[in-house]
Amino acid sequence: MHVPDGFLSPQTYLPAYAIAAGGWAWATRVLQRRLDETLLPRLAVLTALGFVLMSVMLPLPGGTSVHASGIGILAVVFGPWITFAAVSLVLLLQALVFGAGGITVLPVNALAMGLAGSAAACLAYRLLHPIDERAGLFAAGWLATVVPALLIALVLGIQPAIAHTADGQPLFFPFGLSVTLPALVVPHVVLGVGEGLLTILVVRFLRRR
Amino acid sequence: MQDRLLLLGYAVAVIAVTAVHNPWWLTGGLLVAAAVAGRRAPAIGWRALGAVLYFNLVISVGYAARALFGQTVSIDYLILVNVRVYLLIFLTFTLAVRVDVLRALNFSQGLTYLATLALSQIITFRRLFEDLRLAAESRRLRRLGLRESYLQSAAAAVHLFDRAEHDAREIALAMRARGFFRPDAGDDARGH
Chain A
1 MHVPDGFLSP QTYLPAYAIA AGGWAWATRV LQRRLDETLL PRLAVLTALG FVLMSVMLPL
61 PGGTSVHASG IGILAVVFGP WITFAAVSLV LLLQALVFGA GGITVLPVNA LAMGLAGSAA
121 ACLAYRLLHP IDERAGLFAA GWLATVVPAL LIALVLGIQP AIAHTADGQP LFFPFGLSVT
181 LPALVVPHVV LGVGEGLLTI LVVRFLRRR
Chain B
1 MQDRLLLLGY AVAVIAVTAV HNPWWLTGGL LVAAAVAGRR APAIGWRALG AVLYFNLVIS
61 VGYAARALFG QTVSIDYLIL VNVRVYLLIF LTFTLAVRVD VLRALNFSQG LTYLATLALS
121 QIITFRRLFE DLRLAAESRR LRRLGLRESY LQSAAAAVHL FDRAEHDARE IALAMRARGF
181 FRPDAGDDAR GH
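Those protein sequences? They're chains A and B, same order as listed.
Numbering of the first sequence is given in our numbering, commencing with residue 1 and proceeding in unit increments.
Numbering of the second sequence is given in our numbering, commencing with residue 1 and proceeding in unit increments.
Just chain A, with the same shape it has in the complex (with noise of 0.2 Å):
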């Protein structure tokens, strides 16, 4: 679901770092107010362990199978601001030390997935939990894929309207919303099936120790 370096326009990826400091400037705030001393410890646990849980294989009919992306459950688990500050650092850390993903596409792809996908995810479980436990994983576990996804594809979907040469060609993205919507969103909704099964049993069973 990440965005690849190099499709992202500067009028995007700036503003979109502006977005994002704020982002991190509060959840600095919500970490220090909620995790005492052992803030710096638990922050990078749980880095590490966002970045692993990238890894948990989602299987699929057909006996095949993709990286689940572990968002919902640590939305669930530690609430929307801590999963923001993990996977901001999960992307910086894969950015900077493993090579992958990138550094102009960091504060989207943060925000899409580790603000907006956890923040949705929350939310669906606060309202429906009451009235269904599962339901309500299952909820956090799909908006925490689908929304992201819907996010990205806004984003990229809009470059060739906002960077373009003279005569119209796209200069980043080449594609409009009217592919980029149904190309990425439309795979997710599926994902995000079994994201959320992944997320009722694996939420199931930590309560249950």
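These are computed hints drawn from the structure, not numbers from a lab.
There are no misleading hints in this set.
Covered by chain B, according to a simulated footprint, are these stretches of chain A (three or more residues, beta-carbon under 8 Å):
id, segment
1, 6-19
2, 41-52
3, 67-78
4, 161-172
No residue lacks a Cβ here, since even glycine has one placed at the ideal position from N, Cα and C.
Given chain A's structure and the hints, the job is docking chain B onto it.
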């Protein structure tokens, strides 16, 4: 200091690469990046090619296919976007090889500690996750059904949560034992 300068140079180069829309300039930038990478340039080049090949091929073929529907297709765009994406990935891989990120981040003590701890935990968790995967692989005689696969993935995730909780507690205790959290601990406790 050198690592920090290289990190800063990388950030400036990345912004410049996305602000330049001339493929010749970007090709020139690629040559400069190859010179910075030194003897590792061929290896980085192949690795970068592998990383961009699939996605760029999909985008490029999809864009070129517009011609079939009578839409305008620009060869200049295809060259530009492919050179730009390749250059950005090449720069990122060069950074990962040439720069000690932990040293580059030492302008902020908190960020350095956080990155150091997170990286050490990532290495531990990846090894643990691979052990779990291999253990599951070695114990099965047939392909798992969908339900079993989900239970296995969930069990691995739960084990990682347990390990995370345990490690966070252990690291906090170890840091406290070394006086890290005392406000008056100063730089001595932090190893300076």
